[in-house]
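Trainee: One-letter residues, chain by chain:
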Amino acid sequence: MSYLDYQVAQVPTGFRKILHINWPLVILVAAVCCIGFLMLYSVAGGRMDTWAEPQMYRFAVGMVIMLGLAFVPMWFWRGISVAAYVVCFLMLIAVDLFGTIGMGAQRWIDLGPIRLQPSELMKIALVLLLAAYYDWLPLHRVSRPIWVMIPVLLIVAPTALVLIQPDLGTSIMLIAGGGIVMFAAGVSLWYFGIVIGMGVGLIAAVMKSRGTDWQLLKDYQFRRIDTFLDPSADPLGAGYNIIQSQIALGSGGWSGRGFMQGSQSRLNFLPEKHTDFIFTVLSEEFGFIGAFSLLMLYMLIVGFCLHSALTNRDRFASLITIGISGTFFLYFAINMATVMGLLPAKGSPLPLVSYGGTSLMILMLGFGLVQAAHVHRPR
Amino acid sequence: MKKSQREILDSSRQITRRVVLLAGVQVAVVTTLALKLRSMQLDHAEEYRMLADGNSIKIRLLPPSRGLILDRNGLIIAGNEQNYRVTLTREEAGGDVEGVLRRLSQLIPMSEERIAELLEEFSRRSAITPIVLADRLTWEQFSAIAVNAPALPGVTPESALSRAYPRAGDFAHVMGYVGPVSDYDLSRIEDPDPVLRLPDFQLGKIGVEGRLEEVLRGKAGARRVEVNSTGREMRQLSRQEGEQGATVQLSLDTALQNYAAQRMGKESAAAVVMDCQSGELISICSSPSFDPNKFVRGISSPEYRALMDHDHRPLADKTVQGVYPPGSTFKMVTLMAGLEAGVIDAGSRFFCPGYTELGGRRFHCWRRGGHGTVDAVKSLEESCDVYYYELAQRVGIDRIAIMARKLGLGVRHDLPMSAVADGIAPDREWKMSRYGQSWQIGDSLNASIGQGYVLASPLQLAVMTARIASGREVKPQLIRSIDGVRQAVAEYPPLDISEASLRVARLGMDAVMNGGRGTARSSRITREDWRMAGKTGTSQVRNITAAERARGVISNDQLPWERRDHALFVCYAPFDAPRYAVSVVVEHGGGGSAVAAPVARDILLFALNNGLPPQDAVPADQRAALEERHEAMQLFTPEAARPGRSRA
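Chains as they are written, first to last, in our numbering: chain A, 1 to 379; chain B, 1 to 648.
Derived by calculation from the structure, the hints in this document are not laboratory data. A couple of the hints might just be wrong.
[Claimed, not checked] No more than 20 Å apart at the CA atoms, straight line, and that leaves these computed lysine to aspartate or glutamate pairs for DMTMM-like:
(1) B/378 <-> B/414
(2) B/219 <-> A/219
(3) B/219 <-> B/185
(4) A/218 <-> B/214
(5) B/219 <-> A/226
(6) B/475 <-> B/414
(7) B/406 <-> B/496
(8) B/219 <-> B/483
(9) B/205 <-> B/193
(10) A/218 <-> B/193
(11) B/266 <-> B/628
(12) B/431 <-> B/398
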């Protein structure tokens, strides 16, 4: 379905588009971001200029980008999907070759004033390309092995590049994001079953191999797994972050210790409290009510996206919306599960709340695409 | 490409189905998160709140109990014993620390100085820190304190495990000892186990304790305790026991080790007993020894200085660290090098006039008058030096060095002990790289009789003997099993030496003991089924000057101890079916045949008999002396040791 197939007269044009923007979604995103400002203000010990203010500027720019992108018609996005993927892919190679080392891994590419993290951009570009692919592919071919192999390769190639940076977290996000688009496009469930089965088998093999002479991971990697399974085994070492995070989270209770009253956060027991562990600060200061509310806001965002996707008859637009909302879902689910100790510590930000420019920009870019899909849906 | 209305509909339906599935999964995930959140923030909030409030719950590590080290019969060589001690916390003493101490001194011996020392320590340390008043109390003292607890406020009787070596000095060198963890120890370990940072944790320092540290250590347990705001424990919330370290069984035999130690007595000596077939070390004993328990408890500095200053070096492990010129025990090497190279055969003869002249220098045989015509077997039997001087000139040093390495000399043997020495099997290349000098023919002559640059440890001499006896490339083994898992013992390949050459060497060693003119004839075993073969060695630790020679050779007795010759002896038995190889080195003992051979023979007999050497195995004239020696010994009896399986 291309732009020309639309019943053009019924698609809003010009500034009339502004009336058709998914405003509840915009308000939800803004609300979550405001919670973020509040928390950043709190963890900075009541200072605006440390984290909250820069984050607000970024949010303002992101808002403009999001609303701006909402005006861009879908044929444009379809048109640039291949190019976007190729450019991101080349940048990933460039990062592996020349990227600066940040936080122990090569992730950034330095272009003078801006520093780019191509692996983040890749998340969007991959969703875009896969959506275009499945829009182009006739429905009856979707589950044919050869036509399944192509998107799998499109996912695996950038994932491998990200993995050697090394950035396990983003690699998993890429696979999951791509997987969600494939899932929504209707690829047979058997494929997913097989992949999940193989994954479980691999994990079982890795754990079984411990102590034998064909051991698949290094000893320290196994120790990290041990720490995840039982943080109290190494309370002052690798388990420290998780234990402190759980203490902070649990001590929030029903209604929290009050804004700027969290003792764990105040006393610097928590590491990276303005980024990866910001959810624990929220949970400590606003308790179950605060944490659960944020969780519900996130779910509402995902819900509005899925609703938009269901009511959109343009396959491409629909798949983009699902892919982006799915990635967003993974973002917050993984972060929350990590700080609660349900997943091994990996270092991932809480979307829209954590301090950090790249993450916020990419998310706003993504929501811009969701808005564009919503505005330009065939009627 | 235009899509049909049907296709759009199909696509929509497909997507709807999948979105419903996806949303279901997402809802499930969010529900899990919400439930976990509820469990943490609502159900367990109190516990977390307590943790957050002044960290009132602490995790304390429980040190694991260290793995036992057993001998081949399952007797404990290194175990753990209950250490009863008392501590005092000033805060609880009711302000009268001195009074409490005085009352305590009526129950356990405490000197005035000790009380003053403790009072000084209490004034320095925090009021809530428990300080150890006395440790290693007897059970009686311990219970007396427990009964009188009401009169002793603040005093806590405690029991902890500490390392103990029931055989004290017998295994000191093999076993090593444990000691407090030093910063140096920590700096050497990558990613140290947190348990190492516990204040009174002890770590294997040297020997088997040091080398098998990780196996023996075990895994720490942990307990969660609630503490009050001053950090004092209020109650225990949960406790997870650690895992004891692995039990290590060694090939050593406690009874034999004890006998060897006692047989060497006060001499500065070393003895190694090795199984000729399996390579297992049955005994590896260095004398004099020290009590490793003192190191565990903290040795006093005068005691330590006494050990350091002792001229018999009790701290050094002479069996593997000590290297000595092997003297005539090296002659089998030179002989077999000649036989293998084909420069001589068993029947080749040389004439010994008492010396060999080479380049204007005289190389003397130990017998000034000479041995006359000597063949291979006789050269060993009577230990003729001239035979080897002649042989060395024909074989060359390089082939001798190769033969030495085949027999395990000049080669590091991998054992879990500290500072295992390489020894030296010199050749041209070695001298060039070591001294930058070219090899002289005189060096070959010295090396041929195990003097000069040749150096070997008692362990290496035992390996050499076992290899000659078995004809196989036997390697020394110390560990039998770890946690009941038998350590694999490989089938040893045959040596790269012809059976004929080995046979000549064995016959020569047999003649040393049993031949009419054998140098160690007096130390032979008279029981035919234990027929013994051996070789004596006497190695000089000084050069005999021409002036000395002119005055006549001074007997060892007239020299100061540290300038006397080393006495060496290697042997194995039974001759036909070798079971044990023994090497003995007595530092500055004098002659190998007079000093080292009887010691080695008795130890060998003990091993063969698995008990005291029987009277009928030694020549009749020595039986009374043997009996006398045994009566003077305080021997180990397995029955007394058996019930001592102390465990946590």
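Trainee: A separate judgement is required for each hint: does it hold in the structure or not?
Mentor: We went through each hint and held it up to the structure:
In summary, the hint linking residue 378 of chain B to residue 414 of chain B is not supported, as the alpha carbons are separated by about 35 Å, beyond the 20 Å threshold. A C-alpha spacing of about 16 Å is found between residue 219 of chain B and residue 219 of chain A, which places the hinted pair at or below 20 Å, so the restraint holds. Proposed proximity of residue 219 of chain B and residue 185 of chain B is supported: the alpha carbons are some 18 Å apart, at most 20 Å. Proximity of residue 218 of chain A to residue 214 of chain B is assessed by CA-CA distance (about 18 Å); at most 20 Å being required, the pair is judged to hold.
Of the supplied pair hints, the one linking residue 219 of chain B and residue 226 of chain A holds, its CA atoms being roughly 13 Å apart against a limit of 20 Å. The hinted pair formed by residue 475 of chain B and residue 414 of chain B meets the criterion: a straight-line CA distance of about 9 Å does not exceed 20 Å. About 7 Å separates the Cα atoms of residue 406 of chain B and residue 496 of chain B, which keeps this hinted pair within 20 Å; it holds. At roughly 14 Å between alpha-carbon atoms, residue 219 of chain B and residue 483 of chain B fall within 20 Å of each other, so this suggested pair holds.
Among the hinted pairs, residue 205 of chain B with residue 193 of chain B is consistent with the structure: their alpha-carbon atoms are about 16 Å apart, no more than 20 Å. Restraint check for residue 218 of chain A and residue 193 of chain B: the C-alpha separation of about 17 Å stays at or below 20 Å, so the hint holds. At roughly 17 Å between alpha-carbon atoms, residue 266 of chain B and residue 628 of chain B fall within 20 Å of each other, so this suggested pair holds. Taking the CA atoms of residue 431 of chain B and residue 398 of chain B, the gap is about 11 Å. The hint holds against a cut of 20 Å.
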